[in-house]
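First to last, the sequence lines map onto chains A and B.
Residues in the first sequence are numbered consecutively from 1, following my numbering.
Residues in the second sequence are numbered consecutively from 1, following my numbering.
Worth flagging that the hints you see were computed from the coordinates, not collected in a lab.
Do not rely on the hints blindly, as some may be mistaken.
Since the list gives no way to pick out one identical chain from another, each pair is judged satisfied if it fits inside one copy or across any two copies.
[Unchecked claim] Capping the alpha-carbon separation at 20 Å, the derived lysine to any residue pairs in SDA-like fashion look like this:
1) K182 to S249
2) K298 to Q103
3) K61 to N269
4) K110 to P285
5) K26 to G141
6) K182 to K211
7) K298 to R3
8) K298 to T143
9) K142 to E297
Since this is a predicted model, take the numbers as computed values, not measurements.
2 protein chains.
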Amino acid sequence: MQRINVAIIGWGNVGRGCKRAIEESKDIVLTGVVRRPASLLKNLDELKNTTVVSDIQELDKVDVALLCVPSREVPEKMKMYQKLGICTVDSYDEHEHILDLKQDGDLSAKINKVVSMTACGWDPGTDSVVRALMKMVAITGKTTTTFGGEKGGRSMGHTVAVKAIPGVKDAVALTLANGRGKHKRRVYVVLEKDANEQKVAAAIQKDPYFKQDPTEVLFVKDINKYNTLHHEGDIERTAMEVHQQYTVSGDNPDFTANVMVSCARACINAMAKEEYGCYTLIERPLIDCLFGATLEEKLAGY
Amino acid sequence: MQRINVAIIGWGNVGRGCKRAIEESKDIVLTGVVRRPASLLKNLDELKNTTVVSDIQELDKVDVALLCVPSREVPEKMKMYQKLGICTVDSYDEHEHILDLKQDGDLSAKINKVVSMTACGWDPGTDSVVRALMKMVAITGKTTTTFGGEKGGRSMGHTVAVKAIPGVKDAVALTLANGRGKHKRRVYVVLEKDANEQKVAAAIQKDPYFKQDPTEVLFVKDINKYNTLHHEGDIERTAMEVHQQYTVSGDNPDFTANVMVSCARACINAMAKEEYGCYTLIERPLIDCLFGATLEEKLAGY
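Required output: the full structure, derived from the provided sequences and hints.
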């Protein structure tokens, strides 16, 4: 069996989830974790048997770098690793910029003869595949995607965006369903000492992640009681006789991490065919993401 | 825009659904319907503006033949059209023989430099894509697929199989959910004059489509009150923290027909890359099945 050597770039919830996913995947080996400076992760129990470095070039052979960093760092990191001849996988989630990222990354991937899989998380990612299926089944229908349900679920992208705002010490951003395909946001924030509530709330509400939805900002002393990793989503498409519904409920970082780790296989399969480039999930054969030594194993349960 | 010329082979429920799907698809043109002998369809109102022939060679250029015939005729028909240099799409549904059909058809497709998309209906087909996604998201989980719900839905493959049994004048086979991933079957049969109820029931119960499930056979005078085109399915996968569920409810022949017509695009895209062969849906990029003149259009809603 071909084993794929991967490095995890960044050590947040998705990075941790990738480590768990790799441990469940017989064909994938964790070469190390990259975090600058590596000393930040020095005493973590969860990494005591893992190599941690500040620079990927300190590691042995790496086939694929899993970019477990905030979306806004993905474009730069993708190109940095491509230039080193390393494939990348990311779960970039800014829907309106995916095409730009893909086209830019595609050029650089081709020059450096590598493969990047982009926007490969939950949504965009597996949800995008389902929406593609729905377009096939119900040709002239309308698709809506609703996240968060009634109770709300933690959005990783939104939480990361809030944490980057000056004056924010810690935060959790929840997404709540607000009618078909519409959402509202609820953000719990622990302020830095001396930070100004009004300024922070205004900065959140005008951030691109939030500006299009009603957003409530609540200031709290302790974030832990508002925290959750759970999320759920509903994709529906209705067209004449056909009504399709897809409900997914899961632990958001692990969900995303599992998809990313599976996509490391897609990189290696594309490399073998010399199909260098930057791809979204619907642009590659899904079978290339599945574990299995033979076609029969991969098609099992087809 | 490149227009794809397709022919519909056979004129049952799926063939009719394909005609409707083609009419909704701006990039696909119906060249004609093939039914031997064509005279059988001569006076049908629904075909009054459509060319109907006994042999595909009587038609103008055909890029893709949509094999809207019973599954058991698919292997022979696929190879027949491949030899004429025509791509094929089918919704072959005998799960346990898909790999054989694919490998056999792949060889013949490569020799004849064509592309065949096989097992591209609802299940196998779009459900298979969802099961592949689920394997990515929940690595060590268990997937179950349950069709029919409580009220039951009409299974096309099972209905066609019953109709082929000697002594059966007309029939409808319903699939009913019978616990997680298990099914029971209910078959309504109108007998030919002088046919024997016991013999027909025994033949149905030992048919490969039925022998593994509890099957009730009911003899009726008029099939119409038991008929329905509706069907619904539930795919679930549970693994540790992740529970995914996918519920689809639709009009079975139209659902299948829409998927098949979308797969005509996948044939043409693979032909353009000279990637001759016989593929299941998870072996090709899904984007190749979508309508759209540009990458931007195809990725819209990604």
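Hints, one by one, checked against the model:
1. K182 to S249: Within one copy, since 18 Å is at most 20 Å while 23 Å is not.
2. K298 to Q103: between (30 Å within a copy, 14 Å between copies)
3. K61 to N269: within (17 Å within a copy, 35 Å between copies)
4. K110 to P285: both (19 Å within a copy, 19 Å between copies)
5. K26 to G141: between (41 Å within a copy, 15 Å between copies)
6. K182 to K211: within (13 Å within a copy, 47 Å between copies)
7. K298 to R3: Cα proximity of K298 and R3: one copy only (16 Å, versus 34 Å across).
8. K298 to T143: Answer is between; shortest inter-copy Cα gap is 14 Å, intra-copy 30 Å.
9. K142 to E297: between (36 Å within a copy, 15 Å between copies)
In the structure shown, no violation is registered for any of the earlier numbered hints.
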